[in-house]
Amino acid sequence: MRVFLGLALLLTAVTAQSAERLHLLIPAGPGGGLDSTARALGNALQAADLRSPVSYENMTGGGGGRAMAHFIETAPRQQETLLVNSTPLIVRSLQGLFPHSHHDVIPVAGLIAEFGAFVVRADSPIDSWTAFLTQLRADPAGVNVGGGSVRGSLDHIVLALALSGAGMDPRRVRYLPYDAGGKAMLALLGGEADVLSTGVGEALGYVRSGDVRILATTAPDRLPNLPDVPTLTELGVAFTFANWRGVFAAPGTPPDAVRQMEADVRAATDTDSWRQALQRYGWSPLGLYGEAFARYLDAQEIQLESTLVELGFISR
Amino acid sequence: MWEGISTGFATAFTLANVGWVLLGCMAGTIIGMLPGLGPITAIALMIPVSYSLDPASGLIMMAGVYYGAVFGGSTSAILINAPGVASTVATSFDGYPMAREGQAGRALAIAAYASFAGGTLGALALMAFAGYLAALALEFQSPEYSLLLLVAMVSVVVFADRGARVRSLVTLLIGLMLGTIGTDQLAGIPRFTLGRYDLADGLNFVLVVMATFALAEAMRMVLLDDSTPPGRVSLRELVLPRPLVRPLVPVVGRSAAVGFLTGVLPGAGATLASFFAYDLEKRVGNGTRESGVAAPEAANNAASTGSFVPLLTLGIPGSGTTAVLLGVMLSYGLQPGPRLLTEQPEIFWGVIASMYLGNLFLLALNLPLIPLLARLLNLSSSLLIPLIVAFSLVGVYLTTLNGFDLYLMLGLAVLALLLRWFDFPLAPLLLGFILSGLFEENVRRTLFIGEAGYSEILQRPAVLVLLMLLIVLCLVPLRKQGADPIERH
Amino acid sequence: MGYRLFLLTLLLTAVAYTISARMIPMDPWTAAELVNAQTLPTVYGLLLCAALAWLLIRGGQQADPPSPYRVLRVAGMLGLSVLFVLLFGRIGLWPALGGLISLSALWLGERRWLPLLGLSVLVPLTGYLGVEVLLGLYLPD
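Which chain is which? The protein sequence lines are V, A and C, in order. 294 is the number that the numbering used here gives to position 294 of the first sequence; each next residue is one higher, with no gaps. 309 is the number that the numbering used here gives to position 309 of the second sequence; each next residue is one higher, with no gaps. 78 is the number that the numbering used here gives to position 78 of the third sequence; each next residue is one higher, with no gaps.
In short, the hints are calculated from the structure, not lab data. It should be emphasised that the depicted structure is a prediction, and the values quoted were computed from it without experimental measurement. Keep in mind that a hint or two might mislead.
[Said to hold, decoys possible] So the derived label-pair ranges between C-beta atoms look like this:
1. V:Ala299 <-> A:Phe9: 55 to 61 Å
2. A:Ala462 <-> C:Glu132: 45 to 51 Å
3. C:Ala50 <-> A:Arg283: 24 to 30 Å
4. C:Ala50 <-> V:Arg171: 34 to 40 Å
5. V:Gln303 <-> C:Leu129: 49 to 55 Å
6. A:Gly287 <-> C:Leu72: 25 to 31 Å
7. V:Arg21 <-> C:Leu129: 55 to 61 Å
8. V:Arg171 <-> C:Thr42: 23 to 29 Å
9. V:Glu73 <-> A:Gly163: 28 to 34 Å
10. A:Phe9 <-> C:Gly118: 46 to 52 Å
11. C:Pro115 <-> A:Leu470: 29 to 35 Å
[Claimed, not checked] Pairs of lysine to aspartate or glutamate, EDC-like flavour, derived with a Cα cap of 20 Å:
12. A:Lys282 <-> A:Asp161
13. V:Lys183 <-> A:Asp161
14. V:Lys183 <-> A:Glu139
Using N, Cα and C, we set each Cβ at its ideal position, and we do this for glycine too.
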């Protein structure tokens with residue numbers, strides 16, 4: 001009986017009509033970073049009574065390509081929908097893995113920035129970014145750098161960008177891909193990988209428990225929750241990078257409707273519900289809206305394209 | 001530790017939390033029985049409910065949803081040969097033939113009791129050894145995985161009847177090949193996708209299992225005009241006779257141990273566990289059908305308990321389901337990992353303590369349903385077959401929400417029907433498909449690391465043990481004496 | 001389909017698979033690896049060819065071919081399933097499911113109207129209420 005009670009409560013909660021509805025299309029399965037971003041945003045929108053009801057649709061397939069294609073093909077029916085996406089959108093469209101890019105949808109808001117981190121075990125002989133570089137120069141085959149995604153994807157690209165910023169040939173580094181961040185962390189803890197290229201959030205819990213250490217982050221400034229960890233810029237590498245997560249409107253959505261969605265999302269990020277979510281997951285706010293977000297994406301596209309060419313993943 | 005355990009019991013046995021365990025188990029069982037909705041969907045669907053709870057109650061409920069769905073998944077495996085979760089595939093090998101012979105009630109009852117025993121033994125082991133087992137999970141790296149998966153695949157071929165070894169190899173390879181469709185796990189290259197997104201993530205497990213097991217079986221029934229023998233199941237059949245139970249006790253014990261240890265390994269834990277336990281009983285044990293149902297069920301439930309070890313102690317999800325659970329924990333602001341045990345012992349031990357209660361509830365929930373569910377098989381085949389076809393098509397659609405997958409599924413079902421018609425066993429096909437990606441990924445990483453020198457890899461104790469096991473397995477076919485043929489799917 | 005013809009078809013598929021495995025495009029990093037994106041698929045393909053060739057040469061048992069009438073029944077079931085997939089996008093998942101159940105039961109010789117209609121209505125209705133209403137799953141249209 002309690003199932004029905006709980007669900008009935010839930011149904012009444014979402015059907016209390018007072019604001020416009022919003023649908024969030026998530027190009028990934030439940031439980032991951034994109035899904036939690038979407039649900040945190042939806043909760044904030046509903047808590048502040050900005051949008052109600054908020055519905056969610058998880059559409060997996062083609063590394064996000066199916067959701068993107070669906071969103072664009074059915075655009076006339078998606079005027080009340082926001083597509084959640086993140087940096088791999090740019091990487092995959094540059095690699096030609098799907099035909100659409102961020103130019104085909106309307107950037108509404110960049111919500112979260114996750115910075116890259118280079119992580120080692122707490123007892124690793126590699127105890128600083130400089131030691132890492134020295135080790136790589138001396139014996140590039142002796143260092144395995146793990147990452148939570150395939151070769152040529154984000155963790156690898158960030159590693160390559162950081163190393164070429166430090167004046168090294170990124171093609172000589174051995175990158176060991178794992179199919180999820182957690183598996184890569186296990187490989188680091190178990191000793192199969194010597195250094196891990198990952199997101200700050202993925203490593204934070206292990207830093208707190210004293211199992212790992214972060215050599216450097218790709219943030220522009222030191223992070224408030226990691227005051228002792230240097231940034232790459234401090235270490236003389238002129239390179240910052242953020243994996244953004246943001247929302248997009250369907251092509252052809254009337255400008256007024258887009259502006260309204262932008263205003264609602266902006267207001268939602270100024271709620272306690274959203275701030276709590278940032279705190280819980282250890283996310284950094286990005287806070288870019290409309291045109292500013294679009295320019296940010298264009299700049300990142302140029303940065304990523306040159307790296308992918310240099311690494312040999314795409315030919316210009 | 002004892003202090004932690006007693007806090008855990010105190011947390012789990014409050015009235016509210018007992019209620020949440022019950023709710024979780026009920027929701028999990030019901031959702032797990034629906035076509036295509038396995039533990040992952042069950043947990044994801046309950047996420048909104050969990051938002052309103054405090055972390056301990058929320059996780060206790062979610063754990064209940066998880067093992068409730070695993071418990072519920074074996075029902076369709078036994079009744080209509082449609083295992084909805086990879087870890088119940090091995091249950092259908094002997095469970096479905098039993099149901100075809102009018103023993104559906106008995107098979108379901110054995111599955112329920114074995115699941116209960118496996119889950120409870122798993123929870124006991126989790127309580128006793130969680131800390132030490134984290135070390136085992138760390139010990140298992142790419143070389144160990146490659147060898148373990150190779151052991152699983154070689155044993156499915158060498159343990160087939162003497163005449164069917166090559167046929168098992170053929171279907172194993174077809175399964176492995178089906179598993180290579182999609183984006184390469186290491187290099188991100190699309191393979192055999194014919195340029196379609198629908199294939200870029202590879203074939204869905206539910207699709208392959210529904211096509212090759214449920215749908216192909218329904219089509220075979222049409223082809224043979226196979227009518228089900230009537231079997232009435234009364235509540236009395238749920239009480240198993242003592243001579244039947246006695247030999248099953250050691251089976252369940254062994255299988256739970258195998259299952260728990262395999263489940264601790266992140267990766268295909270529960271599935272591997274059920275296959276290993278099944279093979280073990282068929283080879284080493286007495287080989288009865290009853291033990292063929294009890295072994296995989298005890299093993300997969302012990303394994304799903306075991307999969308909480310890497311999740312709770314290392315913060316690393318070993319399966320898709322535990323990955324969603326990790327998401328739930330993060331949304332509570334909990335960081336699973338070594339510090340959870342010291343900082344929030346009431347959550348760590350509370351979840352584990354609630355599992356005893358949950359397993360008891362599951363048994364009480366599932367037993368009365370058995371006569372009801374088994375009555376499904378009394379339908380005439382002209383009604384039962386359309387229902388199986390509908391169940392499998394909708395199940396796959398609800399999993400992937402992609403119409404293209406249904407065509408793929410029908411095509412695969414035709415292939416599976418032909419394979420069965422010509423006496424090829426289908427179990428190796430599923431095993432190959434399930435393990436394909438994991439195997440390739442680990443082999444390639446092992447050799448990538450090996451480029452720097454193999455001597456280091458060969459010094460690892462687990463590698464040596466597995467290598468020896470592999471050599472012994474390869475010698476099995478050379479044995480002269482003809483083993484009695486074992487019936488397999 | 002005869003046993004040898006089936007084996008031959010599988011063999012041809014295996015050959016085609018192996019050839020297309022050799023043509024998987026690779027980036028320079030992957031191509032330089034000892035075991036790369038092409039290696040294991042090629043191994044699987046070659047092993048399968050060998051196993052099938054062995055079965056073909058050895059010959060072996062021949063299952064009795066099913067009667068054309070039975071094959072027709074299976075083909076009809078497959079046809080109805082394809083019809084279901086073609087139609088559910090247009091008329092909705094649950095109505096199409098009701099159609100599939102009733103038509104295939106008719107095809108298989110069910111003539112009792114009450115259970116036939118009852119199941120064709122009750123099963124989709126339960127599905128709709130359970131999945132869409134109670135669980136609130138979103139099905140794309």
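For each hint, the structure was consulted:
Between V:Ala299 and A:Phe9 the C-beta distance comes to about 56 Å, which sits within the given range of 55 to 61 Å. Between A:Ala462 and C:Glu132, the C-beta spacing of about 48 Å keeps the proposed range 45 to 51 Å intact. Judged by the Cβ atoms, the range 24 to 30 Å given for C:Ala50 and A:Arg283 holds: they are separated by roughly 27 Å. Roughly 38 Å separates the CB atoms of C:Ala50 and V:Arg171, a value that falls within the hinted 34 to 40 Å.
The hint said 49 to 55 Å for the Cβ distance between V:Gln303 and C:Leu129, and at roughly 51 Å that hint holds. In this structure the hint that A:Gly287 and C:Leu72 lie 25 to 31 Å apart at CB is violated, the actual value being about 40 Å. Between V:Arg21 and C:Leu129 the beta carbon distance is about 22 Å. The supplied range of 55 to 61 Å is therefore violated. Remark: the range hint 23 to 29 Å for V:Arg171 to C:Thr42 is upheld by a beta-carbon distance near 26 Å.
The hinted window of 28 to 34 Å between V:Glu73 and A:Gly163 is violated, with their beta carbons roughly 52 Å apart. As the Cβ distance of A:Phe9 to C:Gly118 is approximately 48 Å, the hint placing it in 46 to 52 Å holds. A C-beta distance of roughly 54 Å is found between C:Pro115 and A:Leu470, which places it outside the suggested range of 29 to 35 Å. Taking the CA atoms of A:Lys282 and A:Asp161, the gap is near 12 Å; set against the 20 Å cutoff, the hint holds.
As the CA atoms of V:Lys183 and A:Asp161 are separated by approximately 37 Å, the hinted pair breaks the 20 Å bound. Taking the CA atoms of V:Lys183 and A:Glu139, the gap is near 13 Å; set against the 20 Å cutoff, the hint holds.
Consistency with the previously given hints fails for numbers 6, 7, 9, 11 and 13, ordered from lowest to highest.
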